[in-house]
Structure formats: structure tokens, C-alpha cells
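Going down the list, the protein sequences come from chains A and B.
Just so we're aligned: 214 in my numbering is position 214 of the first sequence, and the numbers increase by one with no gaps anywhere.
Just so we're aligned: 75 in my numbering is position 75 of the second sequence, and the numbers increase by one with no gaps anywhere.
To be clear, the hints were calculated from the coordinates, so they are not data collected in a lab.
Here the structure is a predicted model, which means the values were calculated and not measured.
Be careful, since some hints might not be right.
Unchecked claim - Facing chain A, from chain B, some residues (calculated, C-beta under 8 Å):
| hint | residue |
| --- | --- |
| 1 | Y2 |
| 2 | G15 |
| 3 | L19 |
| 4 | L21 |
| 5 | G60 |
| 6 | G85 |
To be verified - Pairs of lysine-lysine residues, derived as DSBU-like cross-links and limited to a Cα-Cα distance of at most 30 Å, are as follows:
| hint | chain 1 | residue 1 | chain 2 | residue 2 |
| --- | --- | --- | --- | --- |
| 7 | A | K31 | B | K91 |
| 8 | B | K52 | A | K53 |
| 9 | A | K18 | A | K28 |
Positions of the beta carbon are idealized from the N, C-alpha and C atoms, including for glycine.
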Amino acid sequence: MAAKQVNPTRMELTRLKKKRLTAIRGHKLLKDKRDELMRQYLDLVRENMEVRKIVEAGIRSANRNFVIAKAGMSEAALNTALMAPKQEVYLEAGEKNIMSVDIPTFEYKTRTADENDIYSYGFAFTSGDLDGAVKSLADVLPDMIRLAEVEKACQLMAAEIEKTRRRVNALEHVIIPETEESIKYITMKLDENERSTQIRLMKVKDMMLEEAHHYSEK
Amino acid sequence: MYKIAVVGDYDSIYGFAALGLSICPVKNREETREKLRQLAEDEYGIIYITEKAASELGSGLEQYLERALPAVIQIPGVSGNTGAGVVGVKKTVEQAVGSDILFGGVGE
Numbered sequence: 001m002a003a004k005q006v007n008p009t010r011m012e013l014t015r016l017k018k019k020r021l022t023a024i025r026g027h028k029l030l031k032d033k034r035d036e037l038m039r040q041y042l043d044l045v046r047e048n049m050e051v052r053k054i055v056e057a058g059i060r061s062a063n064r065n066f067v068i069a070k071a072g073m074s075e076a077a078l079n080t081a082l083m084a085p086k087q088e089v090y091l092e093a094g095e096k097n098i099m100s101v102d103i104p105t106f107e108y109k110t111r112t113a114d115e116n117d118i119y120s121y122g123f124a125f126t127s128g129d130l131d132g133a134v135k136s137l138a139d140v141l142p143d144m145i146r147l148a149e150v151e152k153a154c155q156l157m158a159a160e161i162e163k164t165r166r167r168v169n170a171l172e173h174v175i176i177p178e179t180e181e182s183i184k185y186i187t188m189k190l191d192e193n194e195r196s197t198q199i200r201l202m203k204v205k206d207m208m209l210e211e212a213h214h215y216s217e218k
Numbered sequence: 001m002y003k004i005a006v007v008g009d010y011d012s013i014y015g016f017a018a019l020g021l022s023i024c025p026v027k028n029r030e031e032t033r034e035k036l037r038q039l040a041e042d043e044y045g046i047i048y049i050t051e052k053a054a055s056e057l058g059s060g061l062e063q064y065l066e067r068a069l070p071a072v073i074q075i076p077g078v079s080g081n082t083g084a085g086v087v088g089v090k091k092t093v094e095q096a097v098g099s100d101i102l103f104g105g106v107g108e
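With the sequences and hints as input, model every part of the structure.
Next up, the structure:
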């Protein structure tokens, strides 16, 4: 497979041997990294699926409540009721490092501590269903934040795992075999040179002896 | 300090306004793309997008997958759950593992 031309010299041989050692070491490390990433990822993705199911169910029921609320009052009144929200949500984004993947962590803060501030309207002109609808949506919010955190982590880790897997495969199936092939080629070439030198020396010695003693004439 | 945005058709997202999230009603694909780009550059940590708007966008979402922030998360809209969110999760499993070994038969 020696597609690459290598110089059969001792210096090249030492270089290649060093390269092989580094590659094997790197391969082992990357493989460990991949396995650990995978382990953590599988836990995370299971959680992702669970949280997603909870959130989707929550939003579905909240939407149903909103439809009912909308049926009970005029659209204009509904729009006015929700036009100027009292509450505001801020997000504190931190960073967590899992196996050298930077994963965002979210923590949310509301502008006011009062949890009744989600009702941004007077209760006189709105239906009671709207209160329930808004409340049901507010209940899903913590899970939604958690979903965002977990799902983002999953996406980032999946990308990292894919990258690591490619690297492991490249080392295992390309770099290491290629280097070994080259090392073998050089060793054989050097051995061959060694032997031919040996033979040449023996031949020369024979010739010199012949010249000194004239064996063949006796 | 980051904010949270919700993108989608007005009927699906107006409730989130009461909670204090920024709502961005969009009507068509171009608007969604433009809005998403704008929000991603702005100080938004999480962008929730309805599955319907996301599916119209097609591959426009992929560029946000590998960025740390913002997290673009699909949520079901008022018209029902299309299952796109679950498919998205399965896709990441496929990307990481090579094939979907976890939720193979669990789809909705």
C-alpha cells in the first residue's frame, strides 16, 4: 500500500516510529473520550425525550385552554388583555463543560417575584378560562427552559461525538496502518542494504585474498 | 442577561406574552427566516419556534444547531403536534450513534 513515497533512511524511520506512538496514544485517548461522551449523551438524550413529552403535553393542554378562553370572549378583548404584559422573564446563561463540550445552562428570573403578575389584565372584562389558560402555560415554562437546556446540550454533544468518531476512525483505519506500512518498508529496505553491503565486503575480501595468494592457480 | 423569544403564527404564541416572553408573530417563510436571524444576533438565549414555522424554514435551522447560543427549540403550535420536535431529537441520536437505537419504535 506504500502509495506515499518515503525515504528509506534511519532518520525517517525514527520519525515514523515516533509518529506511530503518538497516533496510537491519540487513538486510545480519543476512543476513551468518545465512549465517555456517548455514555453521558445517552443519559441526556433520554432525559431530553422525557422532558419534551412533558412540554408537548403541557403546551397542548394550554393551547386547548386558550381556545376555550378565546371562545368565551371577543378577540379584541383578548388582544387587549394580553397586550401589555406585566411580567418579564430574564435568562441567566451559564456554561458547563462536559468532556470539553461547552454546554449552556439556563436559569430564569422573573422581573417581579409575584407569581400573579402573569395576569396582565383586570379580571372584570375577561373570562375565567383565560386565567386558567395563562396559568397552565406558566406551569409549563420551567419545563420548557429545562427542555431548551437539555436539547441544546444534546445537539452540541451529538456534533462533538460525530467529530470524535471520525477522528478515531481516521486514526484507526488510515493513519496508523499507513505509518506501520511505511515503517515496515523502511526496515526491510535498510535490512536489504545491510545485506548487500555485507555481500559486497565478502566479495572484495575474496578478491583481495585471491590477489595475494593466487588460490585458484594452486 | 438574555431574553427568551417565541416565533410562530400569532394564534399559537400569544399566550406566552402574558408570561413575559417576547413574541414574534410571523406569517410566511421569509419573515420567519429574517426574524430568526435577527433574534439570533440579538440578546436572545432561547428561541422557541413552532413546529409549523420550523418545517417551512426547512434547512434554515441547521446553522443554529452547532452554536452554543441561542438554543432554537421546536414546540407544538395550536394546530397540533406534528412530531417534528421528536424527530429532531431522533436525528441527533442518529448523528451521534450512527443509527437510532433508542427511540426506534416509540415515534408518535
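Hey, K31/A versus K91/B, does the alpha-carbon distance stay inside 30 Å? 23 Å, holds
Does the interface hint hold: is L21/B within less than 8 Å of chain A, judged Cβ to Cβ? 6 Å, holds
Min Cβ distance, L19/B to chain A: is it shorter than 8 Å? 6 Å, holds
Once the shortest beta carbon distance from G60/B to chain A is found, is it less than 8 Å? For G60/B, the interface hint is violated, since the closest Cβ of chain A sits about 15 Å away, which is over 8 Å.
Assess, step by step, whether the Cα of K52/B is no farther than 30 Å from the Cα of K53/A, and give holds or violated. OK: K52/B and K53/A at ~18 Å, within 30 Å.
Would the stated hint for Y2/B survive a check requiring a Cβ distance to chain A of less than 8 Å? Y2/B check passes; min Cβ-Cβ to chain A is 4 Å, inside 8 Å.
Within a Cα-Cα threshold of 30 Å, do K18/A and K28/A meet the stated pairing? 16 Å, holds
Is the hint on G85/B kept, meaning its closest Cβ partner in chain A is under 8 Å away? 6 Å, holds
Would you settle whether the hint for G15/B is holds or violated, based on the nearest Cβ-Cβ distance to chain A being less than 8 Å? Given a least distance of 5 Å, the restraint on G15/B holds.
Hint 5 from the earlier list is the only one contradicted by this structure; the remaining hints agree with it.
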